[in-house]
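Order-wise, the sequence lines are chains A and B.
Per the numbering used here, residue -6 is the first one in the first sequence, and the count goes up by one each step.
Per the numbering used here, residue 2 is the first one in the second sequence, and the count goes up by one each step.
Derived by calculation from the structure, the hints in this document are not laboratory data.
Ideal placement from N, C-alpha and C gives every residue a C-beta, glycine not left out.
Don't take every hint at face value.
Just a sample of chain A residues kept apart from chain B, beta carbon distances all over 10 Å, derived [to be verified]:
1. Gly68
2. Pro81
3. Gly183
4. Arg240
5. Arg328
Taking CB as the label site, the calculated pair distances span [as the list claims (entries may be wrong)]:
6. Val71/B with Pro8/A: 31 to 41 Å
7. Asp65/B with Trp79/A: 20 to 30 Å
8. Asp130/B with Leu12/A: 15 to 25 Å
9. Lys134/B with Asp330/A: 27 to 37 Å
10. Leu114/B with Gln66/A: 23 to 33 Å
11. Gln66/A with Gly57/B: 46 to 56 Å
12. Met2/B with Ala124/A: 55 to 65 Å
13. Thr215/B with Leu12/A: 55 to 65 Å
14. Asp118/A with Gln84/B: 54 to 64 Å
Residues from chain A shown here face chain B by an in silico Cβ test under 10 Å; the list is partial [to be verified]:
15. Arg(-4)
16. Pro8
17. Leu12
18. Arg64
19. Arg65
20. Leu70
21. Ala72
22. Gln80
23. Val106
24. Arg342
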Amino acid sequence: MRRQLRLELLRGTAPAAALVMFGASVWMLAVHQDDWAGRWAGLASWVRQSMLILAALMVAAGAWQAGRERRRQIGDLLASTARPAWQPMLVAWLAVSLAGTAGLLVALAGAAVLVGRLATYAGGDWWWTLAVGVLALWTASALGVVVGRLVPLRVAAPIAGLATYLGLAVATYAPLGTVTWLSPVHAGWGAERLVPAGTHLRQAAWFVALTALLLAVAARRIRVALVCGALAAASVVPIVTGPLPRRLPADPAAVEPVCTVEGPQVCVARMNAYLLDDVAVVLQPVLHRIDGIPGVPARAADEATAPPGYSMIDDDGTIWFSLLGQSKALGGLERLDWLRASTDSFLARWGCYDGRRDEGAYDATVLARAWLHQEPPYGDIPVDRLLARPLPQQRAWFADYLAASRACDSTRLSELARVP
Amino acid sequence: MTVTVEGVRIGYRNRVVLDGLDLHLGTGVHGLLGPNGAGKTTLMRVLATVARPDAGRIRLLGRDVADPAVLRQVRRQIGYLPQTFGYYPRFTVREFVEYFAWLKEMPPAGVPLAVDRALERVGLLDRADDRMKHLSGGMLRRAGIAQGIVNDPRLLLLDEPTAGLDPEQRVDFRALLREIGVDACVLVSTHLVEDVASACTTVSLVDGGRLVFTGTPDELAALGTDPGSGDSPIERGYSAALRDARGVRR
């Protein structure tokens, strides 16, 4: 059977499936690099999020392969041969599944090289997420085989792929429930979230049983299909009675804080430690500028390091920032403005919002933000005048601004906006 | 007897295609003639175990093929070239024939030699590594015959095998048929009565789903007395046999 498998891998739908899966994977990796860059768990989670597209492509590939006999009008010839029909069908399915998986894995290998250069945390059982994803792809191609064998239409393959995409999309955007685990698609709940090993095992059992059921249906082996159907149904029970996806715990090792050892303290989760220097370059000057001002934050920390249930709205002396979607594939921060906006958040907490539009207060806040980030002068905001003063005077101005803002003293804020 | 067909009846969309047909064939090359829609292809499909009759009894290679276990054993010894010969265009000729050797459950060790021998017998050994999609119509037909004979079948069923072959290839093909027919049963369904006249030991004529004539080509030719009903004796015999059968039915 090895020769026939090799033949199908070379001459069947397999080469096209590998190419399409590779192309789709590379495209999705390139478009969503902030989802996986630098994090192994992020890469595995990205594979599962991409199942929306990848599973649909595998369904189409399986259907196209299985429809070959009909398209080539070779059914009579095959039906006259001794070998049971399920054997060539199984070989063809195996070839498409292997080739599609290879296409994905080659693309992932390229991404893995980039992740390996940066990653600072390799734990989190992410390989389980990846392995179950591969199983799901094989289930998808088996579904395609059923469609290809039972639907006598040339357009069966593209329609099956599209229908799979739509079905998975509906399941993905539906409210999270235990049924979500029946889908191969992960909703993207953060690289630090730990899917329990038991859930992975239950999902793996479900996909294996479903694959066997689909192949048995495609081969019209009714008794085998009934047995596999019973196994698939049995594998569903522990999934729908298991833990909910939205209550996934964080991986304690992944979110362990890693902090700067010099200058104002900036901490990130271990899984984001490769970004620490980039984050520190942005946040340490800010912390340094406000150092010594009463009541302002003295440190900055990655939201991922916050204990479960911790409220980051409280004025706890910390600038909280998120590194979700912040990493570039080659390292560095994707969106500096997001990080700067995080540092501004404590200004918002101190701000005065009484519902009235106050130009003076607004100008003062804009000036305070510009000063925090040492932005170049723009418009009629006199940031250059403020920055020209000695640092202690600048800090004094900022302390005045915070006091006036807390007191909702718009007259004083207007004065401060002019940098007296 | 290699083939025993008794009272086979098969219908398709409220139309009777084979109507209580009886046929007995032994070793040798047998021609199957008949007008379009006579039921030749359906009979070939039934004998190739692709179509199941609604009624009647079929024994192939001396065994009843209604039993699935027997059917599988019998299929290992059948070669079949359907009228519409489908193929996988990306396969090479060798790969295609080899694939069918596997489907026919040939012992793996003997496959490479059997494939080369089959390709040599149909004159395609020099094109063995060409893709199927690059073959001409006649070459495709020969590739189809190669897959049919790769397992040295005891029953070879060829439905319109000479369609697309040039005269020289047809002569070679007839020689091949005679060679195979020495120790196997070969049934050739065709419209070309000359092929039957020169290659077949017996000829069966089907019309309206019934067998209306069985005999040697010479016996068929002897029926033709009207000079205006064909260019050759066997064509005249063919027309006469049909005319007689239809006259009897009316």
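Evaluation of the provided hints:
1. Gly68: Violated, since 7 Å does not exceed 10 Å.
2. Pro81: violated (7 Å)
3. Gly183: Given a closest Cβ separation of 45 Å, the condition holds.
4. Arg240: holds (50 Å)
5. Arg328: holds (47 Å)
6. Val71/B with Pro8/A: 31 to 41 Å: The hinted range 31 to 41 Å holds for Val71/B and Pro8/A, with Cβ atoms some 39 Å apart.
7. Asp65/B with Trp79/A: 20 to 30 Å: holds (24 Å)
8. Asp130/B with Leu12/A: 15 to 25 Å: holds (24 Å)
9. Lys134/B with Asp330/A: 27 to 37 Å: violated (56 Å)
10. Leu114/B with Gln66/A: 23 to 33 Å: Because 30 Å falls inside the window, the suggested range holds.
11. Gln66/A with Gly57/B: 46 to 56 Å: This hint is violated: roughly 27 Å between Cβ atoms.
12. Met2/B with Ala124/A: 55 to 65 Å: Given range 55 to 65 Å: holds, Cβ gap about 58 Å.
13. Thr215/B with Leu12/A: 55 to 65 Å: holds (56 Å)
14. Asp118/A with Gln84/B: 54 to 64 Å: holds (58 Å)
15. Arg(-4): For Arg(-4)/A, the interface hint holds, since the closest Cβ of chain B sits about 7 Å away, which is under 10 Å.
16. Pro8: Where the cut-off is 10 Å and the nearest Cβ of chain B is about 9 Å from Pro8/A, the hint holds.
17. Leu12: Violated - the Cβ of Leu12/A stays beyond 10 Å from chain B, reaching only about 14 Å at its closest.
18. Arg64: Cβ of Arg64/A sits 9 Å from chain B, so the hint holds.
19. Arg65: It holds, given that the least Cβ distance between Arg65/A and chain B is near 4 Å, below 10 Å.
20. Leu70: holds (6 Å)
21. Ala72: holds (5 Å)
22. Gln80: Because about 9 Å separates Gln80/A from the closest Cβ in chain B, which is inside the 10 Å limit, the hint holds.
23. Val106: violated (33 Å)
24. Arg342: This interface hint is violated because 66 Å lies over the 10 Å limit.
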